[in-house]
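Let the sequences and hints guide you as you build the complete structure.
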Amino acid sequence: MSRIREVLGEDPEIVLAERRYDWISKVLPKVMRGARPITLSDLLDKALLDKYLGIPIFLALWWALFRFTFDVSAPFSDLIDMFFSRLGEAVEPALGGGVLSSLIADGLLGGLGSVLVFIPPIFFLFFGLSILEDSGYLARAAFVVDKILYKLGLHGRSFIPMLLGFGCNIPGVMACRTIDREEDRLLTIIVNPLMSCSARLPVYVLISSAVLGGYAAAGIYSMYIMGIGLAIAMALLFRRVIPYFRGRRSAFIMELPLYTVPTLRSTILHMWERGVLFLKKAGTVIFIGVLVVWALSSFPWGAGLEESYIGMLGRALEPLFRPLGFDWRGAVALFFGFIAKEIVVGTFGVIFGAGGEASEEEIADVIRSENIFTPLTGYAFMAFTLIYIPCVATVGVIYRETNSWKWTLFTVLYELLLAYFTAFLIVSVGHLLGFS
Amino acid sequence: MDSRGGKVQRRLSDLKPGEGGKIVRITGPPSLRRRLLDMGLVKGAYIEVVRKAPLGDPMEFLVKGYNLSLRKEECDNVYVST
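These protein sequence lines map, in sequence, to chains G and D. Residues in the first sequence are numbered consecutively from 4, following the numbering used here. Residues in the second sequence are numbered consecutively from 71, following the numbering used here.
Keep in mind the hints are simulated off the structure, nothing from the lab. Glycine included, C-beta positions come from ideal geometry on N, C-alpha and C. Be aware that one or more of the hints could be misleading.
The calculated lysine to aspartate or glutamate pairs, modelled on EDC-like cross-linking and capped at a C-alpha distance of 20 Å, are [claimed, not checked]:
1) K49/G with E136/G
2) K154/G with D146/D
3) K150/G with D84/D
4) K134/D with D45/G
5) K49/G with E118/D
6) K134/D with D108/D
7) K154/G with E143/D
8) K122/D with D84/D
9) K54/G with D108/D
10) K142/D with E258/G
11) K92/D with E21/G
To give an idea of the interface, some chain G residues facing chain D are shown, with a C-beta separation under 10 Å as derived from the structure [what the hints assert, rightly or not]:
12) D25
13) K49
14) K54
15) I58
16) Y153
17) G159
18) L259
19) R277
20) D330
Structure, rendered in structure tokens:
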């Protein structure tokens, strides 16, 4: 090898490439005629990549994709959700209301339902992404925003996944597939759950309306900013301290292909392939997670939530959460939030509503009257909800997309630590400033 | 800008949209050079700046009949004679 290099005075591969192109450029004029004409693609690029219009068009297109993925698919998800909760309600009494009927109604059907509600947004997302990708715009989108994201330790192609994370982290993590360099893709995946997904909003709304008074809206808004800030900080940090991400950054050598009209067939094919993969791999993890939480909250059989295994767990964890100002109820709610973060609200409902489920106003009243949260600890609880472990579905997808338990565990652990640290910081600084 | 053998050599990153030149040499780590070669950036190839991204970086080029985008950092390694 080194001898070849000596003789040629160059890296053999480089010489090979040069000779290859040399040959091509000799043959090409003999078989092809005519110069490259100005195409429709060039005209489109004049507008889409314009110095002034480029960014507004980019923002408008992602906004359209965002709305398409989450708003258009929402009625379908609601239908699926309704179908499974109705089915559960109908099945449970019919089976006699014992352990088995609860297992079937709450465990199996509930688990199946929580997998299937993700199908509409995921299929819609992949449909929209396929259109953008097949048309040739996705490469341009990366071209437009690469400068900003590169400075933040990410890649031009990280933008769309991060954005989709605001709706749901699952499509966000899955959309990272458009990033071809492995290090960049992995880094984008592990910071994605910090983007505040829509399931966290009900928790913010509940807590902030209960304890933040006139600052409720500002409190909610600050959660989104906090999420973005932490995602950037973590990306920069991991880039520096984790050897895998360190060193030379990936280059941005990318073809900007000619625009084409995507065919319906290939778009649907793309959507189908990716959607089914999600169902197969992530679905199993989600399903098992839901069953485990069902078992922990239902046994010992007949006991209330407080005496169930999960209640015991909450009490066992209470000392850990004391410095943050959360009691066992907060701990239990957070534990359930692992299934899906909006369940935090439902859990408070079950805990406070002796027998039935309390409405949101009732929950807020109890939080105030029983002093479960002060404005300060309530805000810390919101921050904790934002940051701590992604829901079981997201964990499933992270595993599926990284194909590594190591990185999946890493994501869960760093987020837990970061959540604890942030909540603790909020409470401590708040105390110093004289808040209770 | 440096000059060798009478011809003016410029970094690809210093060209303005509409300007172009023949590639004279490519520097940088072998992995980057190889990737650039794979994309058709060989000695003697004609390359032209099409535009800069709205934020000034990366840049878009026309080379061998297709459009390629590179960060300024990468085209700092490519020298052309104009």
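How the hints compare with the structure:
{"no.": "1", "hint": "K49/G with E136/G", "in the structure": "holds, 19 Å"}
{"no.": "2", "hint": "K154/G with D146/D", "in the structure": "holds, 18 Å"}
{"no.": "3", "hint": "K150/G with D84/D", "in the structure": "holds, 17 Å"}
{"no.": "4", "hint": "K134/D with D45/G", "in the structure": "holds, 15 Å"}
{"no.": "5", "hint": "K49/G with E118/D", "in the structure": "holds, 16 Å"}
{"no.": "6", "hint": "K134/D with D108/D", "in the structure": "holds, 12 Å"}
{"no.": "7", "hint": "K154/G with E143/D", "in the structure": "holds, 13 Å"}
{"no.": "8", "hint": "K122/D with D84/D", "in the structure": "holds, 11 Å"}
{"no.": "9", "hint": "K54/G with D108/D", "in the structure": "violated, 29 Å"}
{"no.": "10", "hint": "K142/D with E258/G", "in the structure": "holds, 15 Å"}
{"no.": "11", "hint": "K92/D with E21/G", "in the structure": "holds, 14 Å"}
{"no.": "12", "hint": "D25", "in the structure": "holds, 8 Å"}
{"no.": "13", "hint": "K49", "in the structure": "holds, 9 Å"}
{"no.": "14", "hint": "K54", "in the structure": "holds, 5 Å"}
{"no.": "15", "hint": "I58", "in the structure": "holds, 5 Å"}
{"no.": "16", "hint": "Y153", "in the structure": "holds, 7 Å"}
{"no.": "17", "hint": "G159", "in the structure": "holds, 8 Å"}
{"no.": "18", "hint": "L259", "in the structure": "holds, 4 Å"}
{"no.": "19", "hint": "R277", "in the structure": "violated, 26 Å"}
{"no.": "20", "hint": "D330", "in the structure": "violated, 49 Å"}
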